[in-house]
Amino acid sequence: MSLSDDLYRETILDHYHNPRNNGTIDDATAKIEGVNPLCGDELTLYLNVSEDGKIQDVKLQAHGCSINMASGSMMSEAVMGQSVERAKEIIETFKEMMLNKEQDVPLEDDLEDLEALRGVKKYPVRIKCALLPWNTLLDGLAEACAAKK
Amino acid sequence: MSLSDDLYRETILDHYHNPRNNGTIDDATAKIEGVNPLCGDELTLYLNVSEDGKIQDVKLQAHGCSINMASGSMMSEAVMGQSVERAKEIIETFKEMMLNKEQDVPLEDDLEDLEALRGVKKYPVRIKCALLPWNTLLDGLAEACAAKK
Amino acid sequence: MAQTSKDIDSKTGEIRADFAILDRVIHGKKLVYLDNAATSQKPKAVVDALVDYYNNYNANVHRGIHTMSEEATAAYEGVRETIKGFINAVDTCEVIYTRGTTEGINLVAQTWGRINILPGDEIVLSPMEHHSNLVPWQVLAAERDARLVFLKLDDQGRIDMEHASATINAKTKLLAISHMSNVLGTINPVKELAQMAHAHGAVVIADGAQSVPHMACDVQDLGVDFFVFSFHKMLGPTGVGVLWGKKQLLEAMPPYQYGGDMIASVQREKSRYNQLPWKFEAGTPNVADVIAAGKAIEYLQTLGMDWVRDHEVELTAYAMQKLGTLKGIEIYGPRDAKERGGVISFNIKGLHPHDLGQILNESGIAIRAGHHCCQPLMKDLGVMGTARASFYIYNTKAEVDVLAAALCEADKVLGNVALR
Amino acid sequence: MAQTSKDIDSKTGEIRADFAILDRVIHGKKLVYLDNAATSQKPKAVVDALVDYYNNYNANVHRGIHTMSEEATAAYEGVRETIKGFINAVDTCEVIYTRGTTEGINLVAQTWGRINILPGDEIVLSPMEHHSNLVPWQVLAAERDARLVFLKLDDQGRIDMEHASATINAKTKLLAISHMSNVLGTINPVKELAQMAHAHGAVVIADGAQSVPHMACDVQDLGVDFFVFSFHKMLGPTGVGVLWGKKQLLEAMPPYQYGGDMIASVQREKSRYNQLPWKFEAGTPNVADVIAAGKAIEYLQTLGMDWVRDHEVELTAYAMQKLGTLKGIEIYGPRDAKERGGVISFNIKGLHPHDLGQILNESGIAIRAGHHCCQPLMKDLGVMGTARASFYIYNTKAEVDVLAAALCEADKVLGNVALR
Ligand SMILES: Cc1ncc(COP(=O)(O)O)c(C=O)c1O
Ligand SMILES: Cc1ncc(COP(=O)(O)O)c(C=O)c1O
Numbered sequence: 001m002s003l004s005d006d007l008y009r010e011t012i013l014d015h016y017h018n019p020r021n022n023g024t025i026d027d028a029t030a031k032i033e034g035v036n037p038l039c040g041d042e043l044t045l046y047l048n049v050s051e052d053g054k055i056q057d058v059k060l061q062a063h064g065c066s067i068n069m070a071s072g073s074m075m076s077e078a079v080m081g082q083s084v085e086r087a088k089e090i091i092e093t094f095k096e097m098m099l100n101k102e103q104d105v106p107l108e109d110d111l112e113d114l115e116a117l118r119g120v121k122k123y124p125v126r127i128k129c130a131l132l133p134w135n136t137l138l139d140g141l142a143e144a145c146a147a148k149k
Numbered sequence: 001m002s003l004s005d006d007l008y009r010e011t012i013l014d015h016y017h018n019p020r021n022n023g024t025i026d027d028a029t030a031k032i033e034g035v036n037p038l039c040g041d042e043l044t045l046y047l048n049v050s051e052d053g054k055i056q057d058v059k060l061q062a063h064g065c066s067i068n069m070a071s072g073s074m075m076s077e078a079v080m081g082q083s084v085e086r087a088k089e090i091i092e093t094f095k096e097m098m099l100n101k102e103q104d105v106p107l108e109d110d111l112e113d114l115e116a117l118r119g120v121k122k123y124p125v126r127i128k129c130a131l132l133p134w135n136t137l138l139d140g141l142a143e144a145c146a147a148k149k
Numbered sequence: 001m002a003q004t005s006k007d008i009d010s011k012t013g014e015i016r017a018d019f020a021i022l023d024r025v026i027h028g029k030k031l032v033y034l035d036n037a038a039t040s041q042k043p044k045a046v047v048d049a050l051v052d053y054y055n056n057y058n059a060n061v062h063r064g065i066h067t068m069s070e071e072a073t074a075a076y077e078g079v080r081e082t083i084k085g086f087i088n089a090v091d092t093c094e095v096i097y098t099r100g101t102t103e104g105i106n107l108v109a110q111t112w113g114r115i116n117i118l119p120g121d122e123i124v125l126s127p128m129e130h131h132s133n134l135v136p137w138q139v140l141a142a143e144r145d146a147r148l149v150f151l152k153l154d155d156q157g158r159i160d161m162e163h164a165s166a167t168i169n170a171k172t173k174l175l176a177i178s179h180m181s182n183v184l185g186t187i188n189p190v191k192e193l194a195q196m197a198h199a200h201g202a203v204v205i206a207d208g209a210q211s212v213p214h215m216a217c218d219v220q221d222l223g224v225d226f227f228v229f230s231f232h233k234m235l236g237p238t239g240v241g242v243l244w245g246k247k248q249l250l251e252a253m254p255p256y257q258y259g260g261d262m263i264a265s266v267q268r269e270k271s272r273y274n275q276l277p278w279k280f281e282a283g284t285p286n287v288a289d290v291i292a293a294g295k296a297i298e299y300l301q302t303l304g305m306d307w308v309r310d311h312e313v314e315l316t317a318y319a320m321q322k323l324g325t326l327k328g329i330e331i332y333g334p335r336d337a338k339e340r341g342g343v344i345s346f347n348i349k350g351l352h353p354h355d356l357g358q359i360l361n362e363s364g365i366a367i368r369a370g371h372h373c374c375q376p377l378m379k380d381l382g383v384m385g386t387a388r389a390s391f392y393i394y395n396t397k398a399e400v401d402v403l404a405a406a407l408c409e410a411d412k413v414l415g416n417v418a419l420r
Numbered sequence: 001m002a003q004t005s006k007d008i009d010s011k012t013g014e015i016r017a018d019f020a021i022l023d024r025v026i027h028g029k030k031l032v033y034l035d036n037a038a039t040s041q042k043p044k045a046v047v048d049a050l051v052d053y054y055n056n057y058n059a060n061v062h063r064g065i066h067t068m069s070e071e072a073t074a075a076y077e078g079v080r081e082t083i084k085g086f087i088n089a090v091d092t093c094e095v096i097y098t099r100g101t102t103e104g105i106n107l108v109a110q111t112w113g114r115i116n117i118l119p120g121d122e123i124v125l126s127p128m129e130h131h132s133n134l135v136p137w138q139v140l141a142a143e144r145d146a147r148l149v150f151l152k153l154d155d156q157g158r159i160d161m162e163h164a165s166a167t168i169n170a171k172t173k174l175l176a177i178s179h180m181s182n183v184l185g186t187i188n189p190v191k192e193l194a195q196m197a198h199a200h201g202a203v204v205i206a207d208g209a210q211s212v213p214h215m216a217c218d219v220q221d222l223g224v225d226f227f228v229f230s231f232h233k234m235l236g237p238t239g240v241g242v243l244w245g246k247k248q249l250l251e252a253m254p255p256y257q258y259g260g261d262m263i264a265s266v267q268r269e270k271s272r273y274n275q276l277p278w279k280f281e282a283g284t285p286n287v288a289d290v291i292a293a294g295k296a297i298e299y300l301q302t303l304g305m306d307w308v309r310d311h312e313v314e315l316t317a318y319a320m321q322k323l324g325t326l327k328g329i330e331i332y333g334p335r336d337a338k339e340r341g342g343v344i345s346f347n348i349k350g351l352h353p354h355d356l357g358q359i360l361n362e363s364g365i366a367i368r369a370g371h372h373c374c375q376p377l378m379k380d381l382g383v384m385g386t387a388r389a390s391f392y393i394y395n396t397k398a399e400v401d402v403l404a405a406a407l408c409e410a411d412k413v414l415g416n417v418a419l420r
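Chains G, P, H and L, in that order, are what the protein sequence lines are.
The numbering used here numbers the first residue of the first sequence as 1 and each following residue consecutively.
The numbering used here numbers the first residue of the second sequence as 1 and each following residue consecutively.
The numbering used here numbers the first residue of the third sequence as 1 and each following residue consecutively.
The numbering used here numbers the first residue of the fourth sequence as 1 and each following residue consecutively.
Rather than coming from a laboratory, the hints here were simulated on the basis of the structure.
Every residue, glycine too, gets a C-beta built ideally from N, C-alpha and C.
There's no promise every hint is true.
[Stated by the list, open to error] Below, a list of computed lysine-lysine pairs in the DSBU-like style, where the Cα atoms sit at most 30 angstroms apart:
| hint | chain 1 | residue 1 | chain 2 | residue 2 |
| --- | --- | --- | --- | --- |
| 1 | H | 247 | G | 88 |
| 2 | L | 84 | P | 95 |
| 3 | G | 31 | H | 270 |
[What the hints assert, rightly or not] Derived DEER-like restraints, expressed as beta-carbon distance ranges:
| hint | chain 1 | residue 1 | chain 2 | residue 2 | range |
| --- | --- | --- | --- | --- | --- |
| 4 | P | 124 | H | 336 | 50 to 58 angstroms |
| 5 | H | 171 | P | 5 | 53 to 61 angstroms |
| 6 | H | 119 | P | 44 | 31 to 39 angstroms |
| 7 | L | 409 | H | 81 | 34 to 42 angstroms |
| 8 | L | 327 | G | 139 | 22 to 30 angstroms |
| 9 | P | 113 | L | 198 | 49 to 57 angstroms |
| 10 | L | 20 | H | 10 | 32 to 40 angstroms |
| 11 | H | 339 | P | 44 | 34 to 42 angstroms |
| 12 | H | 44 | P | 17 | 44 to 52 angstroms |
| 13 | G | 22 | L | 322 | 31 to 39 angstroms |
Full structure from sequences and hints, please.
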């Protein structure tokens, strides 16, 4: 396996060069900043969560490496329109895929697109880059739910 | 050369077991404490210096190793009755003998007794033990002279 | 758990082969190293780990993306796991690397202490504390207008527990206590004392500098809040040690030093700090020595801390008996080897410890002489200093015999009469 | 002093033979180590010194009377002489051993700083300071109600001296300035700045972490009051560094850490402290690493710091020229290699430094990517981070060629267009 097979696959480069859901939301239910203290990558995540707990919109403004940007872009696609509960499951699954040292955690069919990021697991330093958007989303969901109450 | 030739010569052991000028002076011109911070050796030195700058009496109360005790005892004999000026010269000579790394510093004839301590120079850790009384005396002379003014 | 003396001696033989320095010759005599309480010798595995690191994967840690930096980081952080297991910590984030015991105690005094010690508070100490577990508290007490209060020892250098239970009270804010004395050898009942302190809401720091190298230590069982030790006394390199603390306490403490690696983000005017354990590890750490320290623990784990302890109890009992027969000797601390570590402090009437140390050195024997960084205890014992022989895994009964013989010789050299 | 490139290359060949790690193979490629500003590699002499110490004379220092303790003490204290000569200190007692640059700065901030910085005082810094020479002053300023004031840089990352002479004024109590930037490579005019500061009675601390390894540094000529550096960046082991300070200032400062070795005498309630330099060295020091650090200096002295500097100027000029031809590249800092150290920070349009670092690693090239512990500077430069290649005595022009070729490759891997 080469670096291009693991890390810099075409799907990742596509998301890196053309990040989906890039931008801001004016009246966001939640707006959260994420930082990777070691490399300085930054990310602002905007969320619109409806009364009945659906992610109606998610936007990202990210300054990071290819893995970080692609991960955020793919994440936005994966959770768009999902319920908060389902989004949390997806986050959980993704983190498991990245962090489980014992075994390869399979992805459900509807999360297939995230498969492209599996290769990151082999590069411990980069796992943090891939996780930053997801951890930020987790914070964002908590804030959005708190705001609703 | 063996340890007994260098450090534990008969003269030294004699001064160690029977320290000269051991005791206190009630109305001392100066009373000075000396400590060796690394080994904890302690010493109190009493001085009587006359108006015209003669060391009329010197007494020591010491708790230390053989080198420390013997050095103090020999010192007291060497400076007893001497002028402050001459005492300072003797201190200087003795310190030179102990500390000069380049050459062997000879002793004047009247200081011959101190020859027994020359072997200490070979044992860097013990040099401090030998010097403690002499450095304390130096402080004592300064104090005595200040007191006179 | 009990071995015959034969077992122990054959194992010790194997161990000695791992320590190149033990072949050293001093004044024509084979080195007998009995200064282990000051610092231990290092096995081949530890020295090799340093060489391996510097020759194969030396790199700065944490911030690097290249292979060697990843390897160095993994090894450096991996040792936290090893330490966690060795002292039974709850979480690796509780394991803070320091320069040694002294730095660990200063860190706690200057962060936790400055915030938590208030005017009128009492800090309870034992009279046998090493200067490292005394002077930082003196300075803190003076700064915060608090008071130092001392426990009492019995005639065998053991803490008077009745007096302790009266002394540790509602005013006590901190108990700072050595787990094992580097002079008396006393193993203090830290667990019981910690219970007393906790009953009054006080915090407990135990100085494990002498215990961790020589016996199994379990921070959860001991029930302390902070625990500190140095690797150089336990087969590891100089310059590295551990502060273990309860997560909750560590989290509430401000950082100790500021700079690279301990920050989350920095702006010109202010900064946010990193999470545990890195919050307390500013600057490029002592990577090589931490990695080698991990090998030291593994070496001890292979022997088993029970074996280490058994070996030393046996050696200590033998030495106390053997030295005890010398005329004019006074040995300090508990008489029962089971109540103490392998540290024997003594004085011989008429022989100053310095002279003893010097003369033993002439026979290749390395002991320590002086106050052992415990001046107040020396004062309590009414001595200027003591001679101290201290054992470790590679010492043998034969070496104890060499020591005893050399002590008789010393008496002769110094023209003393005590041993005649 | 000027050598031909041939001379330099043949000498570099000899030097490389002393560094076993340079034979390492990464992903099938020979290691090209260009992360020297983070930490340098270590020559055989340094690693051997560690092995020699642990296998032949490992012992605790200062308080021992036995042969090995005397030997260890002599070697440990002897390195102070070596350092004194290397930086032209006035007295060995001004040479304080620390864990590294970060600890040195924290020591000054927490002892000198806490006493001397008063409400309303100004601490002047450059905008290129490493977090280690920024965050301690932020914390001190907050504690003492003082203010941080920043110098200005021109478009080549050099300090604007006109602005400096207005900014350093009667309110200035401290100037804290790096001698050489670990990002821009800029060599700051410390001597001139120190004169400005002293004219207003301020004290000057210079961060020599990047300068001392790479050029002759003379503390008396620089005219600073405190100077700090780390041995791991200059062929020495991890875990040891130096704080040099003017005797008079050091003497007036309270101790930093308290414990063994830094005391003159201890009683239960109070203590007297030892003289310089030991007043600042509490606890068992990092003996082995200090001794090995001495060998690192000797290695540099044998090469001659002028040779080191010439070698790096030549390499840097070559690299700046070579990399400068890549499309879309931006190189930060002074354009003239004579005004800078061998540190080249750069960005390539469309390529994130992390990705660059990762891809270069695939070719065996170790560079660093990120903020280099200079987040405020990154903000000033308007970037999230940079890629950074940094050179030392063993690097060659051939390695620069490998770097340049790999950068073009990276561009391809990442589907970028900048270099096409
Ligand atoms: C300019 C500068 N200052 C300070 C430091 C901190 O040095 P250390 O991490 O060795 O304490 C470094 C290196 O990391 C540096 O490059
Ligand atoms: C009981 C005790 N506490 C503390 C220390 C200090 O340890 P270090 O000098 O490694 O900081 C020592 C050893 O010197 C010790 O024996």
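Results for each hint:
Pair hint residue 247(H) plus residue 88(G) holds up; C-alpha atoms about 28 angstroms apart against a cutoff of 30 angstroms. Among the hinted pairs, residue 84(L) with residue 95(P) is consistent with the structure: their alpha-carbon atoms are about 25 angstroms apart, no more than 30 angstroms. Pair hint residue 31(G) plus residue 270(H) holds up; C-alpha atoms about 23 angstroms apart against a cutoff of 30 angstroms. Taking the beta carbon of each, residue 124(P) and residue 336(H) are about 40 angstroms apart, not inside 50 to 58 angstroms as hinted.
At about 60 angstroms, the beta-carbon gap between residue 171(H) and residue 5(P) stays in the expected band of 53 to 61 angstroms. For residue 119(H) paired with residue 44(P), a C-beta distance near 37 angstroms keeps the hint of 31 to 39 angstroms intact. Evaluation of the 34 to 42 angstroms hint for residue 409(L) and residue 81(H) yields a pass: the beta carbon distance comes to about 37 angstroms. Taken as a hint, the range 22 to 30 angstroms is violated for the pair residue 327(L) and residue 139(G), whose Cβ atoms sit roughly 40 angstroms apart.
A hinted range of 49 to 57 angstroms holds for the C-beta pair residue 113(P) and residue 198(L), which are about 53 angstroms apart. For residue 20(L) and residue 10(H), the hinted distance range of 32 to 40 angstroms is satisfied, since their beta carbons lie about 37 angstroms from each other. Take residue 339(H) and residue 44(P): their Cβ atoms lie about 38 angstroms apart, and the range 34 to 42 angstroms holds. Judged by the Cβ atoms, the range 44 to 52 angstroms given for residue 44(H) and residue 17(P) holds: they are separated by roughly 47 angstroms.
In this structure the hint that residue 22(G) and residue 322(L) lie 31 to 39 angstroms apart at CB holds, the actual value being about 35 angstroms.
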